[in-house]
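Engineer: Construct all of the structure, not just a fragment, from the sequences and the given hints.
Taken in sequence, the protein lines are chains W and X.
The first sequence begins at 1 in our numbering and counts up by one.
The second sequence begins at 407 in our numbering and counts up by one.
Warning: the hint list may mix true and false statements.
[To be verified] Some, not all, of what chain W presents toward chain X, calculated at C-beta under 7 Å:
(1) Arg14
(2) Ser15
(3) Leu17
(4) Thr28
(5) Asn312
(6) Ala319
(7) Leu320
(8) Gly321
(9) Thr323
(10) Thr400
[What the hints assert, rightly or not] Derived SDA-like pairs (lysine to any residue); straight-line CA-CA distance at most 20 Å:
(11) W:Lys34 / X:Ser520
(12) W:Lys34 / X:Ser523
(13) W:Lys34 / X:Leu562
(14) W:Lys34 / X:Ile519
(15) W:Lys34 / X:Gly521
(16) W:Lys34 / W:Phe344
No lab work stands behind these hints: they were computed from the structure.
We put the CB at the ideal spot given by N, CA and C, even for glycine.
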Amino acid sequence: MGRKGGSPETSGPRSQLSIGDTLRTASTGPRSRKLRSALSALGITIGIAALVSVLGLSSSSSADLIRELDALGTNLLTVEAGQSFGSGNSSLPVDAPARIRRIDPVYEVAAVSKIGGGVYRSDLIEEGRTQGLTIIAADLNLLDAQQGSISQGQYLTSALQDFPTVVLGSVAAERLGITELTTARSIWLGEEWFVVVGILNPLPLAADLDRAAIIGYPAAAQYLDYEYEPDIIYVRAHAEHVLDVRSVMSATVNPEKPEEVEVSRASDVLEARAAAESAFTNLFLGLGVVALLVGGIGIANVMVIAVIERRNEIGLRRALGATRFHIAMQFLTESFFLSAAGGFAGVMLGIGVTVVYAMLQDWAVVIPSYALFGGFGSSLLIGGLAGLYPSLRAASMSPTEALRTR
Amino acid sequence: MMQSTTNVSQPQTDLSEEFALKLQGVTKSYAGTPPVHALSDVSVSVRHGEFVGIVGASGSGKSTLLHVIGTLTRPTSGSVFINGMNTDGMSDGALSGLRSRDVGFVFQEFFLISGLSAVQNVANGLLYSGVQEADRLRRSEIMLERVGLGHRLNHLPNEMSGGEQQRVAVARALVHEPSFVLADEPTGNLDSRSTESMMELFYSLNEEGTTIIIITHDREVAERFPRQVVLKDGKIESDSGLV
Chain W
1 MGRKGGSPET
11 SGPRSQLSIG
21 DTLRTASTGP
31 RSRKLRSALS
41 ALGITIGIAA
51 LVSVLGLSSS
61 SSADLIRELD
71 ALGTNLLTVE
81 AGQSFGSGNS
91 SLPVDAPARI
101 RRIDPVYEVA
111 AVSKIGGGVY
121 RSDLIEEGRT
131 QGLTIIAADL
141 NLLDAQQGSI
151 SQGQYLTSAL
161 QDFPTVVLGS
171 VAAERLGITE
181 LTTARSIWLG
191 EEWFVVVGIL
201 NPLPLAADLD
211 RAAIIGYPAA
221 AQYLDYEYEP
231 DIIYVRAHAE
241 HVLDVRSVMS
251 ATVNPEKPEE
261 VEVSRASDVL
271 EARAAAESAF
281 TNLFLGLGVV
291 ALLVGGIGIA
301 NVMVIAVIER
311 RNEIGLRRAL
321 GATRFHIAMQ
331 FLTESFFLSA
341 AGGFAGVMLG
351 IGVTVVYAML
361 QDWAVVIPSY
371 ALFGGFGSSL
381 LIGGLAGLYP
391 SLRAASMSPT
401 EALRTR
Chain X
407 MMQSTTNVSQ
417 PQTDLSEEFA
427 LKLQGVTKSY
437 AGTPPVHALS
447 DVSVSVRHGE
457 FVGIVGASGS
467 GKSTLLHVIG
477 TLTRPTSGSV
487 FINGMNTDGM
497 SDGALSGLRS
507 RDVGFVFQEF
517 FLISGLSAVQ
527 NVANGLLYSG
537 VQEADRLRRS
547 EIMLERVGLG
557 HRLNHLPNEM
567 SGGEQQRVAV
577 ARALVHEPSF
587 VLADEPTGNL
597 DSRSTESMME
607 LFYSLNEEGT
617 TIIIITHDRE
627 VAERFPRQVV
637 LKDGKIESDS
647 GLV
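Structural biologist: Written as structure tokens, this is what we have:
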């Protein structure tokens, strides 16, 4: 604000307005029009709440996923028979588990085999109605390799695996209607009754096992006429060497046809899931930004109307000694108030949504600080942009024009 | 831009400091075809402590004169001295500072801010002159007492009658002890009884030393003023104060 002529000696002190008085003055407008102010701030609230809760939820869920991965380990390799040229499915050599055990960093090897035949609640159920459940023969250390846990009863032991005993995966137990083992329960595996000795918790790294009735190899041979042939081998290796182990795995398992062996890392599947979730996060973030922009336009709109409606107030304040700058600051600060109130409410709402949803999902609540400060900061930025034009317009109004009553 | 100077001694550049207001050959024209000459060659001086009525029909240039005297608009030519200070070439900011100290406006429509109580509205008269808030409120309470509204301090404008609202506006115009009060049709929106008591208030304020300039179209009201300046077609037709 340049001074055209008139040194301080000839014009006297300029008018002044302290920061505190600017804030006080700017708060009178919104305070005397509460409903309109609240509605205009609502757009910002929704936008910020969307941003904060999307960031909070994705952080909470990925924190949960990372925790899950840490618990399950990223050192589990799954070895399967791949496609062979011409002759359909190939199979793994019978001595594959033994050969894998010879790889130095490997400390756990558990084989499982799919066995033909269905899983039934009783022998009266029509053959073929297996409810998508399969019979799997497994080594005794399967649970260690999967780092899985027992929900009820116990896992197979060296004593039990010779007898017709079965452990159910979590989904299998549910589909068979077996939820507790306080009374002895048996299921029909096509040729023989098997006693249920345990139920597993879900195994996130091998969802196929959740839908299986798991029996021991000796029982499979004795009661279901099964001939040993591993289908899938779960391998745990020391984490720092897991990639090296993976690179020699195919040749170790099947030196003649290494291309017929498929090796995968189970945790990769979970990581892919995390990546898919983050794609959704970006979509919702985009929606939040759109809501924020619409909220900003709402505030700009309300401020433009306020400047028109309060023309007389602007004229009066100019007559009382307010400079153009004071008028501009008053309306700009008012716009900041609206957006800051909306932003604060949005941050609180976003935190609330995140906490409630995370609790329902049993996640630890993780809200990144950049979501909180970024959310509030962007609401202030929007408020400043929205208030810029209305406040300049108010400031440029001539006092005589502003004091006109019609 | 917010100076913290506490030196409020009035600087003087003109010897005529006995005048609260002095207009010298003021002309105000608005561009157009043909250009409109709202004021032409108006010269008038108001001494401290005077009570002056500026009377004119609508279209006589009253409103323009009000705006020129109140430094809300600049004359096309001629000079405006307020309390001995030449306002020529002052910046917008400097004029704002001048208004915050030396001019007390009273408007026909009161222009009270609806969300603020009587005392807060009066305190707005000191808002832009660098006085602390506690001091503003204290002085406003005293001023409201003086205009007879000591019992209405915390009422909102819509809880008061028109006459009371205009008294609040007068208190607001007086609270910063201006060189003169400039009232634009102050009784235009009041009934006859409120008009009477409002005029009595002005007379008593004047007796206590306040310089008062009232702009009105009402010759009957103006007839009782100690001095009348009659405006017609942008020129001064008569001035009872001239010797």
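Engineer: None of the hints should be skipped; say for each whether it holds.
Structural biologist: We went through each hint and held it up to the structure:
1. Arg14: holds, 4 Å
2. Ser15: Holds: closest Cβ of chain X sits about 4 Å from W:Ser15, inside 7 Å.
3. Leu17: Nearest chain X Cβ about 6 Å off; hint holds.
4. Thr28: With Cβ-Cβ at 5 Å, under 7 Å, it holds.
5. Asn312: holds, 6 Å
6. Ala319: holds, 5 Å
7. Leu320: holds, 6 Å
8. Gly321: holds, 2 Å
9. Thr323: holds, 4 Å
10. Thr400: holds, 5 Å
11. W:Lys34 / X:Ser520: Within the cut-off at roughly 13 Å; holds.
12. W:Lys34 / X:Ser523: holds, 17 Å
13. W:Lys34 / X:Leu562: Holds, at roughly 16 Å.
14. W:Lys34 / X:Ile519: The hint holds at about 16 Å.
15. W:Lys34 / X:Gly521: With a Cα-Cα distance of about 11 Å, the restraint between W:Lys34 and X:Gly521 holds, given a limit of 20 Å.
16. W:Lys34 / W:Phe344: Holds, at roughly 16 Å.
Checked against the numbered hints given earlier, this structure breaks none of them.
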